[in-house]
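**Student:** Protein chains in written order, with the working numbering: chain A, 1 to 326; chain B, 1 to 326; chain C, 1 to 325; chain D, 1 to 325.
Be careful, since some hints might not be right.
Said to hold, decoys possible - Calculated pairs, DSBU-like style, for lysine-lysine (alpha carbon to alpha carbon, straight line, at most 35 angstroms):
id: 1; chain 1: D; residue 1: K181; chain 2: C; residue 2: K295
id: 2; chain 1: C; residue 1: K244; chain 2: A; residue 2: K130
id: 3; chain 1: B; residue 1: K273; chain 2: B; residue 2: K77
id: 4; chain 1: D; residue 1: K295; chain 2: A; residue 2: K77
Think of the hints as simulated: they come from the structure by calculation, not from any bench. All figures in this text were calculated on a predicted structure; none of them were measured in a lab.
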Amino acid sequence: MTKEELVLLHKTMLQIRHFEHEVAKAFLAGRIPGFLHSSVGQEAVAVGVCSALREDDYVVSTHRGHGHVLAKGADLKAMMAEIYGKVTGCCKGKGGSMHIADFDRGIVGANGIVGGGIPIANGVALAAKKRKNGQVVACFFGDGASNQGTFHEALNLASIWDLPVVFVAENNMYGMGTSQRRHQKVENIADRAAAYKIPGAVVDGNDVLAVREATLAACDRARRGEGPTLLECKTYRHYGHFVGDPGLYREPGELEAWMERDPLILFRRYLEKQGVPAAALDELEAQVIEEVREAVDFAHRSDEPAEETALEDVYAPTEAGRRAIW
Amino acid sequence: MTKEELVLLHKTMLQIRHFEHEVAKAFLAGRIPGFLHSSVGQEAVAVGVCSALREDDYVVSTHRGHGHVLAKGADLKAMMAEIYGKVTGCCKGKGGSMHIADFDRGIVGANGIVGGGIPIANGVALAAKKRKNGQVVACFFGDGASNQGTFHEALNLASIWDLPVVFVAENNMYGMGTSQRRHQKVENIADRAAAYKIPGAVVDGNDVLAVREATLAACDRARRGEGPTLLECKTYRHYGHFVGDPGLYREPGELEAWMERDPLILFRRYLEKQGVPAAALDELEAQVIEEVREAVDFAHRSDEPAEETALEDVYAPTEAGRRAIW
Amino acid sequence: MMREITCREAVREALREELQRDEDVFLIGEDIGFYGGTNKVTEGLWQEFGPERIMDTPISEAAIIGAALGAAAVGMRPVAEIMFVDFIGVCMDQIANQAAKLRYMTGGKVTLPLTIRTPGGAGRSAAAQHSQSLEAWLIHTPGLLVVMPSTPYDTKGLLKAAIREDNPVVFIENKMLYNTKGPVPEGEYVIPLGKADIKREGRDVTVVATSRMVYFALEAAAQLAAEGIECEIVDPRTLVPLDKEAILESVAKTGRLVVVHEAPERGGFGAEVAAIVVNEAFDYLDAPIQRVCSKNTPMPFSPRLERFITPQVEDIIAAVRTVMG
Amino acid sequence: MMREITCREAVREALREELQRDEDVFLIGEDIGFYGGTNKVTEGLWQEFGPERIMDTPISEAAIIGAALGAAAVGMRPVAEIMFVDFIGVCMDQIANQAAKLRYMTGGKVTLPLTIRTPGGAGRSAAAQHSQSLEAWLIHTPGLLVVMPSTPYDTKGLLKAAIREDNPVVFIENKMLYNTKGPVPEGEYVIPLGKADIKREGRDVTVVATSRMVYFALEAAAQLAAEGIECEIVDPRTLVPLDKEAILESVAKTGRLVVVHEAPERGGFGAEVAAIVVNEAFDYLDAPIQRVCSKNTPMPFSPRLERFITPQVEDIIAAVRTVMG
Ligand SMILES: Cc1ncc(C[n+]2csc(CCOP(=O)(O)OP(=O)(O)O)c2C)c(N)n1
Ligand SMILES: Cc1ncc(C[n+]2csc(CCOP(=O)(O)OP(=O)(O)O)c2C)c(N)n1
Ligand SMILES: [Mg+2]
Ligand SMILES: [Mg+2]
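Construct all of the structure, not just a fragment, from the sequences and the given hints.
**Tutor:** Below, the structure is given as structure tokens:
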């Protein structure tokens with residue numbers, strides 16, 4: 001990778017970080033409705049995976065999906081506006097934080113149902129396989145989701161059909177307040193790959209380059225028609241389960257230890273070692289902050305959707321669809 | 001085991017075999033409503049497993065469950081009458097072939113939903129664990145069922161709670177017309193035990209003693225509070241998926257090869273080697289045939305349930321239950 | 001004279017024609033390939049179109065619906081088979097929270113040309129887990145279209161429309177009708193979703209009946225005609241969208257309504273029809289609306305009990321007599 | 001004066017009392033233990049009763065229901081929590097094909113003293129997959145009892161009854177009511193399942209309202225009273241069994257009916273009420289029955305859209321005015 005490419009990874013991680021912080025702030029200030037799952041601390045997974053994808057590849061995301069979709073190229077403003085519930089949002093204010101989607105950028109959608117997206121990823125991959133266009137689907141899900149029935153059914157199907165999916169288990173050590181240790185006995189989610197006779201790999205999810213490398217390998221395999229990979233990225237969320245959760249279930253010292261392995265700190269250190277000047281990185285960050293502020297501003301100033309729009313988009317506007325709303 | 005005990009195993013297998021044959025005959029003659037999944041060829045699994053259980057242990061069965069419940073001690077007559085849809089049936093004619101249950105004998109129930117019983121087995125085992133009474137649950141399911149989400153969720157839960165369940169994967173090589181090779185890549189279902197960090201074992205499902213030994217070991221473990229085991233029994237069904245299915249999807253020669261390994265032939269040979277006289281075994285078989293005929297007769301002569309009984313047993317007869325039928 | 005084919009053949013013809021017509025159409029389900037489907041509906045299609053168009057799956061319904069809907073989301077036109085409607089319980093999230101809502105949640109960014117075919121109904125002593133009629137769950141799930149045809153003609157034309165439709169459609173066949181014959185023209189035709197069909201005209205009582213109950217209602221009407229009572233049989237054919245106009249027009253004429261379906265009465269589709277009519281045609285109603293439905297129990301195995309629980313011709317006749325006063 | 005507690009506290013008190021009273025009672029669900037539940041309903045119970053009575057599970061709803069029903073089948077009295085009613089989609093088979101039917105399929109051999117608690121409803125901009133009201137699926141599933149309380153008093157008394165009940169009960173709380181206060185006596189009491197409560201008496205219009213809509217209806221009634229229109233608010237409290245008599249009696253008095261619920265109108269519980277009333281109280285009805293429900297869409301995220309989709313006090317007022325003519 002060139003230095004510019006490396007810096008771009010950092011920039012995307014910064015975007016996610018600041019996006020999430022601004023969103024959390026706005027939420028706590030009562031400007032964002034609903035509830036929020038922050039991905040702060042997990043940026044290296046999103047960016048490592050998505051940087052390994054082609055533009056026409058797809059991601060399937062989760063309730064904790066801001067990072068995934070930003071890394072896949074979602075428009076900052078449209079996304080922020082969506083989270084604010086505004087008409088300018090990428091889903092016209094109908095989806096919100098848990099349902100961001102942008103098909104033009106290969107973002108199939110976040111999901112409010114734990115494990116709900118995994119079977120859908122297969123379908124997108126199946127279409128790619130049928131069309132022989134070399135597209136790959138990166139399917140994110142959490143450690144908690146790896147105990148849902150859909151995980152099992154979908155990995156088995158992808159396995160027997162050799163579907164081009166990279167199953168990214170984003171293991172942030174907790175499903176809500178339940179630590180991985182308490183919700184499954186396997187040490188690694190990737191150990192479950194054996195149940196489908198597909199490759200499983202564990203990477204340091206706070207090391208963006210390691211995630212990227214592993215994803216590239218899995219994508220290569222998928223594009224060669226050799227089928228899916230289960231890639232586990234070990235990471236940690238700095239916020240609680242949702243913004244506002246005090247995270248009382250954490251072990252003492254645990255958060256602090258992970259903060260020291262903050263993916264942004266690690267990667268900045270790496271970049272500096274590679275000779276990227278600290279000042280350039282500071283400027284980059286300032287630029288990102290400004291960009292995110294503009295998105296907040298855009299969202300803030302945008303209008304709420306008009307009431308009647310609530311009746312649109314239930315059905316595609318076919319003759320039957322138009323009559324089905326009755 | 002004493003010779004008597006060994007002969008008893010054989011007797012139970014013969015009961016199942018002749019029960020299934022009579023049931024199939026009656027079905028093809030139009031005397032049994034609905035449809036039927038025959039367990040002929042799989043008797044050693046049912047008998048091997050159930051002979052390892054205590055009387056107060058439980059079995060959770062499947063759509064192909066006649067063998068399991070007979071081996072657990074279901075009454076031949078009440079069961080036959082149930083399959084005939086008669087009021088004297090163990091479920092008063094409301095359940096039929098796919099829904100045999102007899103709680104007094106630890107038979108929690110067959111199930112028409114593939115994989116539907118697996119989570120329920122956990123619940124029965126959970127109660128046993130809470131009551132510390134040493135009871136074990138043997139939970140049967142097919143190779144096809146091992147791709148259902150419930151399999152995954154239930155094995156994971158049993159694993160983390162160390163529930164006293166023996167998960168018996170009855171691998172008869174097909175889920176309906178789909179061979180195991182086409183529905184999963186793993187060679188052994190038992191390979192999936194690793195996904196839950198529980199022991200997995202593969203046994204020859206046509207060898208009743210091997211099944212019994214493996215089950216005893218799994219039960220011991222369960223009773224010691226060490227949790228579940230995934231026990232795969234490789235076997236084969238002689239009939240098609242249901243009675244009437246010509247089984248066109250079988251490989252040429254496949255059925256014939258398995259017929260040579262018919263569990264009843266194998267075990268009879270073993271018994272004779274152990275010095276059980278052929279004549280005694282012939283007599284035993286004649287006796288079983290007579291017993292089954294009596295059951296058929298009983299079922300045949302029994303009455304259909306009265307219409308009004310259709311409204312009973314929807315709810316337990318509490319005040320609310322009585323009013324809920326409206 | 002027009003040729004007669006069965007509902008099974010009607011489904012198969014519709015599938016074959018749409019598979020030929022559009023490369024994006026494919027079938028996905030359990031043993032629908034070489035095996036031909038448990039109800040033999042897809043027999044021969046695997047041989048004709050090959051395993052890439054007729055896709056056998058493991059017994060994993062959530063994975064089936066997910067795969068179909070994911071493919072639909074990027075422009076394929078899958079037809080998923082759920083072997084029996086009873087099994088939607090294991091994939092209800094994929095149907096109701098994913099397929100039905102994905103377009104809405106994304107503000108219209110996704111179009112889901114997805115068809116889910118599945119047989120329902122009692123009559124074969126298949127007991128509680130293989131005999132249900134679950135259309136009420138589906139009509140209560142905004143985002144889905146729901147079709148429930150009765151005749152081979154309707155089956156073929158509506159299934160072709162469903163496959164060409166850009167919205168998720170649940171297409172509920174009836175297992176007892178697979179062998180039922182009826183006239184179906186040789187040539188291609190499509191029946192638009194959302195148009196009821198008057199299966200018999202009559203001035204005295206409107207009978208709204210779905211799926212197999214259309215035949216029962218026709219039989220009842222024939223018997224009642226002998227007494228001089230003329231029933232008008234309205235077959236909605238699609239429950240969502242519902243051809244309310246056709247129902248209301250008929251009630252405006254007859255002033256009396258009987259609704260017949262095989263699902264249990266409580267919370268069934270018949271309640272919706274009654275609620276619409278009492279709201280929109282109140283002044284036309286001359287008598288209480290009667291529902292003829294299955295009793296509020298699971299389906300028993302015994303044929304005698306099954307018959308007792310489910311609506312019979314004589315029940316329809318009795319209900320019509322009641323509304324005639 | 002009687003003390004006031006919230007619905008959240010009412011649920012917790014009912015759980016605590018039943019846990020104390022009966023050793024066979026235990027709770028099972030996701031993060032209901034140390035965490036106290038996502039809605040903090042079970043807070044403190046883990047500390048009080050320990051992890052064997054308050055059981056945290058993985059995120060595996062089918063396994064949760066299966067474990068609860070299996071334990072119930074052998075005599076335990078589990079109370080399972082499904083974090084939001086929207087998630088019944090992933091365990092609908094265990095609820096509707098297993099729990100609801102097991103007793104029937106076995107000819108009465110099994111008794112299932114199982115309670116499933118789950119919150120429903122909109123109002124928090126939780127969007128399409130966290131805001132539903134799915135009671136219609138459940139009332140259409142014979143074998144289940146369905147409870148939907150509104151006040152803290154009803155919540156506590158009915159939940160205790162549900163836990164003691166020998167049939168599977170789905171107990172649907174409303175997330176917007178968790179902080180709603182109301183008088184609840186200190187002492188022990190149980191409210192039998194299947195008895196409606198008249199939340200306000202009135203002679204002009206019967207308003208049947210469920211869950212949170214009871215409060216909206218009361219507010220509407222207060223405003224309408226100023227115009228001289230007296231609404232009688234009937235809160236069924238349990239949908240199965242339904243206290244039909246209470247509803248019919250009220251309609252016999254008022255001659256007018258408005259049904260209010262938060263689920264989408266199409267195929268909702270309101271249709272069932274309308275169908276019952278038009279059948280059994282036809283001669284008493286002086287006006288078309290009106291339903292005030294959510295529109296037939298998934299729930300949108302935007303607060304303005306959510307408010308527009310769901311029934312509001314002014315919608316109830318308008319409906320009452322309509323039936324008053
Ligand atoms: C089927 C289902 N069950 C429960 C929930 C509630 N819920 C939302 S996120 C979450 C935790 C998910 O944990 P994990 O998969 O590890 O993802 P993470 O939140 O850690 O990113 C839970 C229990 C849900 N949304 N869907
Ligand atoms: C959820 C569900 N899907 C599909 C079916 C239809 N079905 C009944 S048995 C069966 C095959 C089951 O295969 P397996 O688990 O291997 O058991 P076997 O029949 O071989 O004993 C199928 C597909 C069902 N009953 N339930
Ligand atoms: Mg997690
Ligand atoms: Mg099998």
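**Student:** None of the hints should be skipped; say for each whether it holds.
**Tutor:** Going down the list of hints, with the structure as the test:
1. A C-alpha spacing of about 40 angstroms is found between K181 of chain D and K295 of chain C, which places the hinted pair above 35 angstroms, so the restraint is violated.
2. Using a Cα cut-off of 35 angstroms, the hinted pair K244 of chain C and K130 of chain A is violated, with the two alpha carbons roughly 41 angstroms apart.
3. Distance restraint check for K273 of chain B and K77 of chain B: the Cα-Cα separation of roughly 33 angstroms lies within the 35 angstroms cut-off, and the hinted pair is therefore satisfied.
4. Using a Cα cut-off of 35 angstroms, the hinted pair K295 of chain D and K77 of chain A holds, with the two alpha carbons roughly 30 angstroms apart.
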